[in-house]
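Student: Sequence:
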Amino acid sequence: MTTARSGNGSAGGGARSRQRGWLRWTPVAAPLWSLGYALVALLWALTAGGPPVESAGDPSLGPLAVRFGPGPAWAAVLLAGLPAAAVGAAMLKGVRTGRRLLLAAGALVAALLLLCMIDVRLLMLLGYVPYGLVGVVAGSDVGAVFLAQALTRDMLHQVVCLAGGLLWAAAALAYARRSRGGCVHCGRTGRAHGWTSPAAAARWGSVAVYVAMAPPLLYAATRFAWWLGIPIGITREFLREGQADGSWTSGAFLAGFATVGAVLTLGLVQRWGEVFPRWVPGLAGRRVPVALAVVPACVVAVLVFVGGIAMVSGYAAMAGGAADASGPFGAAVLAGLIAVLFPVWGAALAAAALAYHLRRRGACADCGRGVARPSPAPAN
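Note that our numbering gives residue 1167 to position 360 of the sequence shown, counting from 1, and the numbers run on in steps of one.
What the hints contain is simulated information worked out from the structure, not anything from laboratory work.
Quick caveat, the model's predicted, so the values are computed rather than measured.
We treat Cβ as the ideally placed atom computed from N, Cα and C, and that holds for glycine.
It is possible that some hints are incorrect.
[To be verified] Just the calculated beta-carbon pair ranges, DEER-fashion:
{"#": "1", "residue 1": "W1086", "residue 2": "K900", "range": "19 to 29 Å"}
{"#": "2", "residue 1": "R1094", "residue 2": "L849", "range": "21 to 31 Å"}
{"#": "3", "residue 1": "G828", "residue 2": "L958", "range": "24 to 34 Å"}
{"#": "4", "residue 1": "A1098", "residue 2": "R1043", "range": "42 to 52 Å"}
{"#": "5", "residue 1": "L849", "residue 2": "G876", "range": "36 to 46 Å"}
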């Protein structure tokens, strides 16, 4: 079999020894993750019997891998194990025969783990982090419930699959760069053109940012309104029920979390998203590391997109049923609207993160391709 040949740094290929950061360790970590997952799945089969991926109380809210029964769930688990490890070994070796097939297989493993093994509950847990941590510090029942839900076997499995999916996505991208003949470090084969140029990315990235900001702000507006006693889309009776059981207080925490997320998303197209503002102690005037913005945005984009799929297929119907039982038809409409917007939010946030990366990456230190971008003035 033919292996990928790396060019020298001046030619833009980038020698293997010059790989840095995630390009160096993710191609190794991804197949190792799959080997470990295969072992865990075997132990799980011998002890628990069923697949490690579990369904929620409502099957329509569970991961896609379990919605069609234990057979398809086990098939997904097995594919993410030894077969994926074999693909990762071939990619790590730099095999070029069947390059497109290997790339498709790597992308499939990443998609399987990110889209089929996790569900909306992980997004909900992330949203309750501020509220839960306050409860943990205060020693309240809310904190105990949060920890109990966060440390369940199913939730830990979802976190492991999220990490594995991101590892496989990075490993597949690293292999694509090594095997295409371009620069190993930046992936470029020539001058940026079309939609990948910094100027073009600035244009469509701005649209993506504003689209990504709309759903969380809409969600936050409704939750803040209910917390303040304003019955937007719901009846006053349903509003009083939420006030009595504390639902709107926890909803206000979620609304605050969503608002902060929207503001941080705006930073992807603002000067303070590239250079730390003057009021940040010890960091004022320094460049914001690209990964500091891109990695969290990608993680949230995955969770929001996957959670949105679950919400569209099941959560909106469940919320609508509960609303109909209490009378407020408007709540069902709001639930359905917000649920539909969640996948749009996730896709737009991923696009915004990509545009931010394309704008900020500048000239490559290995191959010299790209245009060096001067540091903008510190934000106020």
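Student: Output the numbers, in ascending order, of every earlier hint that fails for this structure.
Tutor: Hints 1, 2, 5 are the ones this structure does not satisfy, whereas the remaining hints hold.
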